[in-house]
Every structure is written in structure tokens, then in C-alpha cells.
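J.: If you want the building blocks of each chain, they are given just below.
Protein chains: 2
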Amino acid sequence: MSRAIGVFDSGVGGLTVVKELIHQLPRENIVYFGDTARVPYGIKSQETIVRFSIENILFLLKQEVKLICVACNTVSSIALPVIRNHFKVPLVGVISPGAREAVYATKNKRIGVIGTKATIASKAYESEIKAISPDIKVVSCACPLFVPFVEEGWINERAVFDVAKRYLQPLKVASVDTIILGCTHYPLLKTVIKKVMGGGVTLIDSAKQVATEVKQILNREELLEFNPGPRRDFYVSDGPAWFSGLAKRFLGHSVKKVTKVSLNV
Amino acid sequence: MSRAIGVFDSGVGGLTVVKELIHQLPRENIVYFGDTARVPYGIKSQETIVRFSIENILFLLKQEVKLICVACNTVSSIALPVIRNHFKVPLVGVISPGAREAVYATKNKRIGVIGTKATIASKAYESEIKAISPDIKVVSCACPLFVPFVEEGWINERAVFDVAKRYLQPLKVASVDTIILGCTHYPLLKTVIKKVMGGGVTLIDSAKQVATEVKQILNREELLEFNPGPRRDFYVSDGPAWFSGLAKRFLGHSVKKVTKVSLNV
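If you read the protein sequences in the order shown, they are chains B and E.
Letter by letter, the first sequence follows residues 245 to 509 of the working numbering.
Letter by letter, the second sequence follows residues 245 to 509 of the working numbering.
Quick caveat, the hints were computed from the structure, so don't treat them as lab data.
Don't take each hint at face value.
Identical copies carry no separate label here, and so any pair may be met within one copy or between two of them.
As the list claims (entries may be wrong) - Cut-off 27 Å, straight-line C-alpha distance, at most; resulting in silico cross-link-like pairs (BS3-like, lysine-lysine):
| # | residue 1 | residue 2 |
| --- | --- | --- |
| 1 | 439 | 409 |
| 2 | 409 | 438 |
| 3 | 492 | 416 |
| 4 | 500 | 361 |
| 5 | 438 | 306 |
| 6 | 459 | 501 |
| 7 | 434 | 409 |
If we strip away everything but chain B, and leave its shape as in the complex, we get (with noise of 0.2 Å):
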């Protein structure tokens, strides 16, 4: 049986990155857990965090995969650090093709990231900016009304947009040049975002980063595949039906059949 990329998130945000997959790797199957049951991750600590992660990577184990996508910012930067060399398979977080990209795209030198709670408290963008190009000035903070903006579909509105320039405001001071979105959610705001900053402003998505960076494994480990018709299979622990409904906004389409499992919690 061919094997197939795993792919995990706190919640429904993750489908960003594999909308990317399917982009990028048409003919690879794509094997998808959201803990909704526990969602949001931002808010909680690095030891529960890494708890959650542990059980949702061998979860996607049990599903042979060949490969996992850590696609929650939050995760990869706060959880990643700690289990990277825990297992066989290789592990793809989110924030070095990010922090890769916005290094590339930034004139100025200035970069600003936003992301949750956890994700900046961690400084993990920062951290891996400095470590390509250490002249470089980051300014972060977090936004962490802009999940719930997003779930609740007002991505266009007066409130969401008073919210953003409240959020963005030290980075319109430090006259940034580059945001790296940094929570899958936050693709979604990129209009609202945009008119805050000015049109000048470069958004970096992670997700297509990280498909790229997917792609460049499975070739490295001859582990590319090419299913005529490849499977697509979403679980989550919780809500399959909100979940469903969800799927569309960020996926493009929408996802029909949604399992829902019990972790061990």
C-alpha cells in the first residue's frame, strides 16, 4: 500500500498547508488529524503543547505515513524544538520555510511576525531569522483575536479591521516591509492586513514554503509518489461536522467525509 504524507494541526487552520500539497503534489495522499477537541494550542503551555503533538504524531503513525507536516505554527514553534529527534519520520514544522522566505523577500531588513500567544512568546521566527542574517530587525506580536475572527467567517468587517490596526501598530512604527503570517488562520485576513499596513508590505504565507519543503524530502528519499487517484482522509477528535463545515473556507472546497477518533484523551 503506498504511504501518505501526514499532516496534523490544533484544529482546522492546517488545511491551509494542505491545500498547498495538493497543489504542489497532486498525486501524493495526504492523511489529516485536527485536534479539535483540545483546540486552540495558543494558549497553552509548552508541556501540555508537546503532550498534544506527541499524541497526534503517533497517531498519524498508526496511519503509516511517511512523512508528517506540522502545519500549526504554534506547534512547530513551541513543541517541534523539544521532539524533533524523537522519531523515525521525517518532521516538516512551518517556521524555517517562513523565516527562510521573509529573510529573501525583506529590502529593508525589517521583518514583522504575528502569530498566538505561545508562537511569539516562543521567538522562534526570531530566532531563526538572526540565525540566517542576524542584522536583520524583527518586531512580533501576537494577535490572538484574529482565530476567532476567521472561525466566525468576519474577515471583511469594521471590527476585525479596528482589531488588526490595534494588533499591527508597532509594526507600522517600525515601518516593517515583510509580515510572515505567522498561524495558518491568518491567510485569511490577508486583505484586512494589507490595508493596514499599505500596499508596499510583503505577506509570507508558510504553507507554500512548506510544500515546497515536502516536496524536496520526498524527492531526496525517493519517497514520491504517483497515485492515479490519491486518497484524502481528514480525522479529527472532535466536531467532524463543524469541522466539514469549516474545511471550505480554507481548503478551497469542501471535505465530505470527516472520522472522528478518540485520542487518548
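Keeping the supplied structure of chain B fixed, place chain E upon it in accordance with the hints.
T.: Quick look at chain E alone, frame taken from chain B:
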């Protein structure tokens, strides 16, 4: 050893109930548990909410509590009807006290109910109100963005005002004169809700009624105590520092010692 009143909530919101308990029963010991590792419950399924609730109750029973106060509207409306008769300890939810008070308060027999998606979908308040007074018109709406706004501390901004205007529109159209704040976070938005609805509306905050009911039950069961220096123990499943930080907003004073415990999660 004297036994405490147990209180649990999915997170920090239940502290509004603790505040009222302390006010009305200042000599009682109180043990609080906030399931901050799995917060929020309001977007999750009945099966999951029931499972989490049972685990929380079992934790409080280990602390040898004499009564358990379900200080969470989502749990009270979704799980309590299922598990009410499972346990020997009295379980007091927030729905009936709030519904009774609203029926008592309304003059034009039009009551609005606001809460999480799960609470509103359960129609728990509506059923309770109709059971008391079938001719009352009940208009309900879910306000999922209210909790993140309160937790962010933005309770008097244009953005939350815009959001409230949109959410409360059906209640304005229906000319309700009474609104049940069907989520323990909402009392912190009283000013915004009053502003949007106009001064004439009565806002029902279940916390007060719940504390009164607890007092009545303890009195009836001869379980009232008069501890000279009552204990107040706070447990959470994650992020004690985060909980401490938010506690002041809900409780009116800060909480110094918060203990992290691991449930069966």
C-alpha cells in the same frame, strides 16, 4: 476536616460564580477547577463536553467537596441533563437559576438569551423558560467572539461594540426587555451590551442566582459551615500563570496560588 464547595468551569469564567459565592457564603471553603488545557468547551460536541465534565467532577470529588457548582453555561446546558443523576453529590448548574430570574424580571414577556454556540444550540434556557411560563417569547443568539474579547481585556472598544451591535440585532428587533448573559464571561461586557440595547433592558447574570441556590441547598441539607479562615483552592489543568493573570478581572482580586494538576488527559 470541613468540606468545601466545589466549582468547575472550562476555564477562568467560573470565577464570576466564585465571586458571588464568596459574597453570599463568606465562611465556606471553596475548591475551584478550571480545565484550561481543554478550554473552550463551547465549540465542542455533546459527547466530548460530557466526558470532560465527568472528569472534572471526579477530580472535585477527590477533593471531598460537599456540593458541586457547574459554573459554566455550556456544561450546564449540554452535560448536566445527561449526568445529573450519576452522582450522589448535589450538582448545581447555572441554567435554571438564570431562567427563573429572567422570567421574574421580564415585563413584556420577551427574553433574549446569549451564549456560546453549544449553549444556544442546546436550547436549554428556552426549555427552562417555557417550562415556567409557556407564553414567553425567547430569542437566542450565539456570540462566539465575546469570550476572546473578554480574555483579551478589550471590553470597551469600538471593535467589541461593532461586534455586539451585529450579534444583538435579532434581540433588538424582537424588543426583548430582559437578556440572560448565558456565559460566565459576558458580565464583563455589561457596559457594551447596555449601550447597544439601550438603558431599559435588564441583564441577568446567573452568578448571583446560582450562589443563592447553593446557599439554599446547603441550608436544607444542613451543610452550611462557618470557617473563621476559609480555604480558597484554585486548580487548573494548564497555564496557572495565565489563569492568575486573568483571575483579577473575574474575581475582583488576584489569586496568588494556582496549582496545575493533570487530569486523565
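J.: A separate judgement is required for each hint: does it hold in the structure or not?
T.: Now the hints, each set against the structure:
1. 439 - 409: For residue 439 and residue 409, the Cα distance is within 27 Å both inside one copy (9 Å) and across copies (23 Å).
2. 409 - 438: both (11 Å within a copy, 26 Å between copies)
3. 492 - 416: Classified as neither; 32 Å inside a copy, 32 Å across copies.
4. 500 - 361: between (33 Å within a copy, 22 Å between copies)
5. 438 - 306: neither (41 Å within a copy, 53 Å between copies)
6. 459 - 501: within (26 Å within a copy, 49 Å between copies)
7. 434 - 409: both (13 Å within a copy, 25 Å between copies)
When held up to the earlier numbered hints, the structure conflicts with 3, 5 and fits the remainder.
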